[in-house]
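A.B. asks: So the chains spell out like this:
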Amino acid sequence: MIPQRHYEKPLRETPFHPRTAPLNRLQNWGAWAGYMTPSCYGDSAMEHTGIRNTATLYDISPMIKYRIRGPEAADYLNRLTLRDAARLPVGAVHYTAWTDDAGQVMDDGTLFRLGADDFRLCCQERHLPWLLDSAWGFDVTIGDETDRIAGLALQGPVSATVLAAAGFDVSALKPFRLATFPLSAGEVTISRTGFTGDLGYELWTTPEDALVLWDHLMAHGAPLGLVPTGTDAVMLARTEAGFLTTNLDFIPAQQALREDRTRSPLELGLGWMIAWDKGPFTGRRALMAEREGKTSRWALVGLDIPGNVSAEGSILYHGKRREAGFVTAACWSPTLKRNIAIAHVAAKYADCRDLWVEIYALRELQYHKLMLPVTKTERPFFAPDRRRATPPGRF
Amino acid sequence: MPGRFSDIIVIGAGPNGLACATRLAQKGRRVTLLEAEAAPGGGARALPDLAPGYRSPALAHLIWQFDPRAEAAMDLSRHGLEWAAQGIPTTVLSPDGPLTIRGGLAEGPDAGAWATLYQRMLCFAGALEPFRRMTPPRLAKDNSWGQLAKNLLKLRALGTHDFRELLRVLLINAHDVAQDELTDPRLRAALCFDATLGAWAGPRSPNTLILWLDRLAGQIGGQRASLGMPKGGMPALAAAMARAAEAAGVTLRQGARVARIVTDGERVSGVTLADGGELRADLVISAIGPKSTLLDLVGPRALDAGLVTRLRHQKSRGGAAKLHLALSAAPDFGTDLHARMILAGDEHEVESAFNPVKYGEVPERPVMEILLPSAFDPGHAPEGGHVLSATVQFAPHDPKIGRDEARAAMLEASLARLEAAAPGIRRMIVRADLLMPYDIERQFGMAGGNWHHGELTVEQMLFLRPIPQLSRYATPIRGLWLTGAGTHPGGMSGAAGWNTAGAVLEARQ
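Quick mapping for you: the protein sequence lines, in order, are chains A and B. Counting in the UniProt record's numbering, the first sequence runs from 1 upward without gaps. Counting in the UniProt record's numbering, the second sequence runs from 1 upward without gaps.
Calculated directly from the structure, the hints in this document are not laboratory data. There could be a bad hint or two in this list.
Claimed, not checked - Beta-carbon label-pair distances, calculated as ranges:
#1 A:Thr375 x B:Glu266: 37 to 47 Å
#2 B:Lys400 x A:Leu248: 43 to 53 Å
#3 A:Pro10 x B:Leu153: 52 to 62 Å
#4 B:Leu148 x A:Ala289: 49 to 59 Å
#5 A:Ala31 x B:Leu462: 38 to 48 Å
Backbone N, C-alpha and C define an ideal beta-carbon position, used for all residues, glycine too.
If we strip away everything but chain A, and leave its shape as in the complex, we get (with noise of 0.2 Å):
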């Protein structure tokens, strides 16, 4: 009987992790889709500095990735996600989203066009068998290719700067725009993209080549700044930049218990991406209905709230007595010195007016409780001119 074993350690490596291992001073690890990434190398507050001061490097290596090849690749991604896969240029990347027939987001992603025929879709939750039964009648294959592709996300105002030395010539990239260099004897595709709200590129590649690309770009960018972050600091930027997350600022729809817990995209604020003219697509219908009969029972909103007291998991009220909502991220940000929340309010409260804030403030082993009003304001909380701006700046 071959011994089983696989108990002992049961999240798995990423192909980054002979680097990532030995920098992590504090060993502090988390769980990603089956594998350990860094949540702190050691400081989170300097590793959210160097994103936005700055360059950063994340191994994104456990984010799900699909990939759809075929001759109606398009066609089929049509029919599965919101936005319109078919207009998407080859070369080009899109922020999309998709829902079950009920219109209930089922995950939200980036996706890829790597050829005319040739997709690739990037999410945080495993979807495979919807995936695949999307895929009846349709000329397409579909593979998961999460282990095959290495990533890592380049972030910071210096990024370029660090991409240039590196010998990557980026400076004709536009967001949302990839591009394929060589490296050994490989290659590397960068797309700039990012899960930051800042410049910012991410680089994908073969386990094989994993290291050498980490090595390159650690060789050519740690003399002008380039410092590895884990989660911790990234969650912070992306709370700065307005950004959702899978399973915490929504629950996946297939993944509900509660009848009353999924959301469409509508009630996400995602309603932008719906190309309601593209043709029937899942959850069109459900959709229209919403849309029409303005049945949409929640809205997401960000906020401004007074004071320096993150409100994470606080429960928003209306003229302070009756419950509206509740804040799914927040944060005092330190890149805008503001108190912000990405929060879920009941739709008939969705102008935030006589909306409050119960904040349980933890000081010195004793909460005390704080009721505050707040501010319904844009998101992205954060939008540097720098995160588009092409040919990007060097810092």
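Position chain B against the provided structure of chain A, taking the given hints into account.
C.D. replies: Chain B only, in chain A's frame:
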């Protein structure tokens, strides 16, 4: 009121399509009924060219039930329907000698037990019957609460004892009831055979007794649980229904095979025919089966992925083969041929015939329901000759060996069984023809070769038929409706067609 009196297209001129089209036409709608074949009838149509001078019904050879509302409204006797026989008895062929059953009257030592059991089941079936005449209830909103409450009260009105007994047997298997209530293996065989006729289930499979109750719930001409054969066979019934439909104003187009239901994903706008013709309508009702309609004619692109998956996974396995023999003389089964004969010695034979089918194999000793339409109605065969029509169970819908090999093995097993029951019959065969479930699927468009366009089982009944999202005859595509055996209550009684027409009329008011 734009659109209210626009054309309605009904696809499929089987009994349900005919009933549905007739009701709509009688309510003043302009209805075009499209039939792919050269003759109406669907499962009731005639088998082409068995042999010169021999005519046989293709699938259905007897009628168990005709929806009384459709029967009354179509007034088929005025349109040429005559009965060759009604109240046809059942004879179980057994090595112990034949045993004849006429409703609750049976021969042999168990006559009393049979009468008691039969009356009780008939009573239960009668209490359940009203559910057949309504759009299935929903667990959510928009119910016809009045009708539902009335039906439930009727069930409760059975009284505490009987109501409890109904709940006990409602989901039981046929085999257990046969063993509990009867000792004569021939009566047990009859019960077990009839409970699994047309099902992909053996008598020991769960929830099989309810299929017998469903069969007993039917009626023809006011006679409950009665078997009838129209003069000219089932195709003559279809022809009479077609005439009634035309008399009501339905335009029947035969040889008009629908290739595509045209939709923009939101609304239906008409159909495209296989010959390239196009017909426009903002109301299309399809009686050809939920799977064929939505997966093939509409196509997955216009539908949500979850619905498509659920419908694809809906069970639709045919377990019955259809045997036709042109015979040069009368076979000798040792009994009167003016009967429906069941060739199954006991309940175990029925179960044993199902066992191999579970694994895609052909049974060595199939059981069967035999009818000689020529015994009732001489026009079916040349002078002196006979035509034998038999439903042979069970047959694999997806055999492990090749389809041709499986068909040959099934034919040989059936003929061997028949030869043992009627020695000399093989020498009388002028021509033999066997339709396996996959042949039935190909020739009749029934998914998996299942009679009901989707198995009629408890988990696919009532508000679960064909699948929960489609259980009220409407589809997600506005203007496109489903009817036929694949929808509640199943079968070819016309009830589904009548119910659908009612739901359509209600929705348009």
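A.B. asks: A separate judgement is required for each hint: does it hold in the structure or not?
C.D. replies: Going down the list of hints, with the structure as the test:
no. : hint                            : verdict
1   : A:Thr375 x B:Glu266: 37 to 47 Å : 40 Å, holds
2   : B:Lys400 x A:Leu248: 43 to 53 Å : 50 Å, holds
3   : A:Pro10 x B:Leu153: 52 to 62 Å  : 58 Å, holds
4   : B:Leu148 x A:Ala289: 49 to 59 Å : 26 Å, violated
5   : A:Ala31 x B:Leu462: 38 to 48 Å  : 45 Å, holds
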